[in-house]
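Chemist: If you want the building blocks of each chain, they are given just below.
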Amino acid sequence: MPPFGRKTSLPSYLRAEQEKIEGIARSLGLDFFPTVFEILSYDRLNEVAAYGGFPTRYPHWRFGMEYERLSKSYEYGLSKIYEMVINNNPSIAYLLEGNSLTDQKLVMCHVYGHVDFFKNNFAFRSTDLDAGALVTDIARRGEDYNPERKWIDKMANHGSAIRRLMSRHGVEPVEELIDVCLSLENLIDPYSPFIVRHAEEPVEEEEPSDVEVPRLRAKDYMESFINPAEYLEEQRNKLRAEREKKKGKFPASPRQDVLQFLLEHAPLERWERTILSIIREEAYYFLPQMQTKIMNEGWASYMHSRMMTQHVCDWSDIIDYADNNAGVMATSGKRLNPYKLGVELYRNIEERWNKGRFGRDWDECRDLEAKRNWDLRLGLGQEKIFEVRALYTDVTFIDEFLTPEFAMEHGLFTFEWSDRNDRFEIQTREFKKVKEKLLQQLTNSGNPFIFVEDGNYKNRGELLLRHDHRGIDLRIDYAQRCLESLTRLWKRPVTLATKVEDKPMLMSYDGEKHQRENAEP
Amino acid sequence: MSLKIDRDHSRFRAIVRGRIRKNLRQYISHGEMIGRKGKDLVSIPIPHIEVPRFTFGSKQQGGVGQGDGQAGDPIGGQEGDEPGTGEAGQGEGQHILEVDVTLDELADILGEELELPDIEDKGKSKIISAKDRYTGIRRVGPESLRHFKRTYKEALRRSIAAGVYNPRAPVIVPQSEDKRFRAWKEDQQPIANAVIIYMMDVSGSMGDEQKEIVRIESFWIDTWLRRQYDGIESRYIIHDAVAREVDRDTFFRTRESGGTMISSAYRACADLIQREYPAEEWNIYPFHFSDGDNWSMDDTLTCVEILKNEILPVSNMFAYGQVESPYGSGQFLKDLTEHFGGDERVVTSEIADRDAIMGSIKDFLGKGR
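Chains A and B supply the protein sequences, listed in that same order.
Numbering follows this note's numbering, in which position 443 of the first sequence is assigned residue number 443; successive positions increment by one, without gaps.
Numbering follows this note's numbering, in which position 62 of the second sequence is assigned residue number 62; successive positions increment by one, without gaps.
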């Protein structure tokens with residue numbers, strides 16, 4: 001082990017704090033994986049952070065770029081990373097050497113919130129390696145839930161696999177292919193882990209002799225009236241035509257996991273396949289964190305604030321803690337801060353369930369005075385928020401718990417680009433619009449919906465993708481670069497059907513030039 | 001201690017510098033280079049390469065915010081501002097960092113970023129300025145410099161010694177030999193004086209974008225040179241077919257039209273130097289920005305004459321920045337290169353667009369002259 005490696009273990013005064021905080025966390029009902037804290041100097045921390053928390057990732061320039069950004073921010077005094085925790089069993093968390101003791105305590109509290117979330121939120125189930133990236137049973141697990149999440153090892157294996165490919169095929173081609181795959185990284189299906197897929201096309205299935213038209217039940221003498229022969233014939237032809245149409249279909253239904261489709265059907269060489277599947281696996285690993293940004297940060301912040309203010313802080317800590325906490329919760333430039341939004345929503349839910357402000361009676365109550373004083377003293381708040389942190393993702397969290405009262409109290413608004421004034425401007429505070437916009441941004445983690453529509457487009461083995469246009473156009477120049485990436489993997493022309501300014505548009509790339517026309521496929 | 005990331009980092013630097021993976025260079029964004037000078041708020045450029053993905057056009061998108069304000073109010077902050085603390089997420093965001101830094105710090109960062117050498121000023125040892133400093137006490141001097149405390153002490157000492165001091169009625173009357181005066185010494189200090197003479201072509205072909213580029217570039221040049229010299233002056237000359245000296249504000253805002261006679265500006269510059277900035281005492285930096293369209297070859301020859309005989313002999317260097325414009329022919333740069341190709345006092349740079357500003361600053365200041 002290199003000499004600095006040994007220094008990462010926690011000094012004893014921090015170990016004592018850790019034990020204390022772990023006890024407090026447990027007493028508040030948190031249920032977490034074993035958590036290992038390591039203490040790193042700022043450049044090591046920046047390094048690890050640049051690698052997304054995994055010190056052993058595959059080599060790639062973008063990690064270097066991230067490192068430069070982080071170290072410059074630190075050196076110019078703009079910002080520093082206080083903490084980082086990775087979803088792994090046992091969980092690994094990093095502390096920054098030289099932070100004040102108050103900060104270290106705060107970070108530890110925050111970390112236990114995250115680790116509890118990693119263990120309990122259902123979305124993270126898809127990172128259980130022993131479940132084969134499938135979550136078919138989302139029931140809550142008990143305390144003894146101990147999945148295999150050795151992502152540290154997994155990432156290290158990816159690293160050495162790619163290093164091996166680099167020494168065999170050269171750095172440039174491998175790195176170039178990684179770039180190609182990265183540009184398609186977001187073409188995955190967030191629901192994929194929850195769907196048990198049957199083999200796509202059943203092999204050698206006997207073709208049923210002919211289509212069968214369902215008949216209505218009728219007595220013999222009524223038969224010709226209830227199921228007239230011409231009608232049956234008409235239906236039969238329709239079904240035949242449909243089947244005929246489906247016959248050539250490949251894939252049978254649109255597939256959102258474009259990467260998986262490419263892995264299965266693109267003519268890839270073995271090394272190319274290895275790289276693509278690594279990129280895909282890692283994309284799925286990071287997916288739950290994207291899906292629960294607000295919830296996860298909110299939960300950790302809610303917990304650190306309870307732990308710090310009620311149990312951990314002594315009088316010498318409290319000002320530093322408050323100062324620091326205020327920095328984390330600040331909404332700068334009126335942008336939404338996920339930490340702040342999350343923690344306030346949890347507190348709101350807790351209050352509502354404590355006071356019984358939910359359910360039909362509450363919803364139907366039109367008496368403002370009664371609503372203001374509504375308190376059934378149910379005390380269900382704690383139970384509710386623990387349930388919420390397990391069973392929701394950002395989309396469902398906002399959809400279910402963002403109320404008009406909350407939006408008003410916290411001054412939420414939508415903003416949009418104003419061409420006239422050349423700036424972003426506040427658009428409206430109307431609750432429906434605010435919620436819609438928020439949900440729209442969270443849906444599919446803010447990525448456009450893109451499906452594989454046809455793997456044998458024009459019957460020439462070309463690839464047709466469809467962008468499910470939901471009100472916002474794609475960024476065209478980037479879409480063209482992505483088509484180039486797709487063509488590189490598919491090795492045949494690729495077409496994307498989308499809409500631009502409300503007109504259908506076909507964009508295609510054949511390996512040499514781009515084409516665009518206003519047409520449907 | 002070497003880090004594993006160093007390899008990735010140097011690879012990234014190599015991409016940014018254009019040594020490898022040239023196809024990625026098109027995605028590099030440097031962020032905005034300039035901040036608001038008044039509030040000392042400056043954006044620091046950190047090169048960022050974005051891997052293109054299927055994503056939404058950003059302006060159509062908008063978002064949700066939090067805070068006060070009415071419909072129609074602008075919202076502050078950069079897109080993708082991150083709060084100060086946090087997990088290292090997978091967040092994208094625009095990696096433009098806004099910071100409070102003083103202009104001096106900024107100049108240092110610029111220098112570090114572009115690896116600019118410190119400027120060797122040409123005549124430091126020769127340039128002397130005398131400065132008076134009060135360092136001692138004398139027995140004679142003008143009343144206005146009388147040192148009251150010292151004078152009083154002397155008078156007190158004398159009266160006690162003479163036995164005329166009466167503690168009950170402590171009246172001290174100073175006599176002329178009691179008086180003490182502040183004394184000064186003349187300090188001789190070498191100082192560095194520098195003047196930047198900005199010249200800009202404001203003929204019809206220089207559009208707003210071209211002027212903005214000149215503005216940004218001269219801001220950075222100003223910042224850097226100010227860091228290097230204590231006393232620095234800036235003078236501004238604009239020209240179309242005739243040249244005139246203007247103040248800073250006019251310099252950046254004027255839009256004239258008409259033809260271009262560059263020699264008029266060089267003439268004005270040479271006269272200005274002769275009149276106010278004796279070459280023995282001043283480090284002189286003429287900068288000229290144009291789109292490279294001159295009226296005639298004859299005029300260009302006149303320019304070359306003035307440069308050769310009047311401006312270059314007295315200047316530290318002469319910088320010519322050619323901003324690309326849809327109308328300019330860019331001929332002037334070629335002419336300059338032809339006449340001064342080997343002369344390292346003449347630095348020329350072509351500025352294609354905003355992104356080229358960094359490179360151009362390096363061209364200008366990278367020699368440390």
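Wrong hints could be hidden among the right ones.
Said to hold, decoys possible - Listed next, the in silico DSS-like pairs over lysine-lysine satisfying Cα-Cα at most 27 Å (straight line): (1) A:Lys458 <-> A:Lys384; (2) A:Lys458 <-> A:Lys432; (3) A:Lys72 <-> B:Lys362; (4) A:Lys503 <-> A:Lys458; (5) A:Lys458 <-> A:Lys340; (6) B:Lys179 <-> B:Lys153; (7) A:Lys80 <-> A:Lys20; (8) B:Lys367 <-> A:Lys80; (9) A:Lys72 <-> B:Lys334; (10) B:Lys367 <-> A:Lys72; (11) A:Lys249 <-> A:Lys458; (12) A:Lys433 <-> A:Lys458; (13) A:Lys503 <-> A:Lys249; (14) B:Lys179 <-> B:Lys149; (15) A:Lys371 <-> A:Lys458; (16) A:Lys154 <-> B:Lys4; (17) B:Lys211 <-> B:Lys179; (18) A:Lys150 <-> B:Lys4.
Claimed, not checked - DEER-style ranges, computed between Cβ atoms: (19) A:Glu436 <-> B:Arg215: 37 to 47 Å; (20) B:Arg215 <-> A:Glu176: 36 to 46 Å; (21) B:Arg215 <-> A:Glu517: 40 to 50 Å; (22) A:Asp419 <-> B:Ala241: 31 to 41 Å; (23) B:Gly207 <-> A:Asp419: 14 to 24 Å; (24) A:Glu436 <-> B:Gly207: 36 to 46 Å; (25) A:Val500 <-> B:Asp73: 26 to 36 Å; (26) A:Glu517 <-> B:Leu312: 32 to 42 Å; (27) A:Glu436 <-> B:Arg255: 42 to 52 Å; (28) B:Asp73 <-> A:Glu264: 50 to 60 Å; (29) A:Glu436 <-> B:Ala241: 55 to 65 Å; (30) B:Ser10 <-> A:Gly327: 42 to 52 Å.
Keep in mind that the hints were calculated from the coordinates and are not lab data.
Model, not experiment: these values are computed from the prediction.
Glycine included, every Cβ here is placed at the ideal spot set by N, Cα and C.
Chemist: Hint by hint, note whether the structure agrees.
Modeler: Do the hints match the structure? See the list:
no.: 1; hint: A:Lys458 <-> A:Lys384; in the structure: violated, 54 Å
no.: 2; hint: A:Lys458 <-> A:Lys432; in the structure: violated, 43 Å
no.: 3; hint: A:Lys72 <-> B:Lys362; in the structure: holds, 20 Å
no.: 4; hint: A:Lys503 <-> A:Lys458; in the structure: holds, 22 Å
no.: 5; hint: A:Lys458 <-> A:Lys340; in the structure: violated, 51 Å
no.: 6; hint: B:Lys179 <-> B:Lys153; in the structure: holds, 10 Å
no.: 7; hint: A:Lys80 <-> A:Lys20; in the structure: holds, 26 Å
no.: 8; hint: B:Lys367 <-> A:Lys80; in the structure: violated, 35 Å
no.: 9; hint: A:Lys72 <-> B:Lys334; in the structure: violated, 39 Å
no.: 10; hint: B:Lys367 <-> A:Lys72; in the structure: holds, 26 Å
no.: 11; hint: A:Lys249 <-> A:Lys458; in the structure: holds, 11 Å
no.: 12; hint: A:Lys433 <-> A:Lys458; in the structure: violated, 41 Å
no.: 13; hint: A:Lys503 <-> A:Lys249; in the structure: holds, 26 Å
no.: 14; hint: B:Lys179 <-> B:Lys149; in the structure: holds, 10 Å
no.: 15; hint: A:Lys371 <-> A:Lys458; in the structure: violated, 62 Å
no.: 16; hint: A:Lys154 <-> B:Lys4; in the structure: holds, 18 Å
no.: 17; hint: B:Lys211 <-> B:Lys179; in the structure: violated, 64 Å
no.: 18; hint: A:Lys150 <-> B:Lys4; in the structure: holds, 21 Å
no.: 19; hint: A:Glu436 <-> B:Arg215: 37 to 47 Å; in the structure: holds, 42 Å
no.: 20; hint: B:Arg215 <-> A:Glu176: 36 to 46 Å; in the structure: holds, 39 Å
no.: 21; hint: B:Arg215 <-> A:Glu517: 40 to 50 Å; in the structure: holds, 42 Å
no.: 22; hint: A:Asp419 <-> B:Ala241: 31 to 41 Å; in the structure: holds, 38 Å
no.: 23; hint: B:Gly207 <-> A:Asp419: 14 to 24 Å; in the structure: holds, 21 Å
no.: 24; hint: A:Glu436 <-> B:Gly207: 36 to 46 Å; in the structure: holds, 42 Å
no.: 25; hint: A:Val500 <-> B:Asp73: 26 to 36 Å; in the structure: holds, 30 Å
no.: 26; hint: A:Glu517 <-> B:Leu312: 32 to 42 Å; in the structure: violated, 59 Å
no.: 27; hint: A:Glu436 <-> B:Arg255: 42 to 52 Å; in the structure: holds, 45 Å
no.: 28; hint: B:Asp73 <-> A:Glu264: 50 to 60 Å; in the structure: holds, 51 Å
no.: 29; hint: A:Glu436 <-> B:Ala241: 55 to 65 Å; in the structure: holds, 59 Å
no.: 30; hint: B:Ser10 <-> A:Gly327: 42 to 52 Å; in the structure: violated, 33 Å
The structure does not agree with the numbered hints 1, 2, 5, 8, 9, 12, 15, 17, 26, 30 stated previously, though it agrees with the rest.
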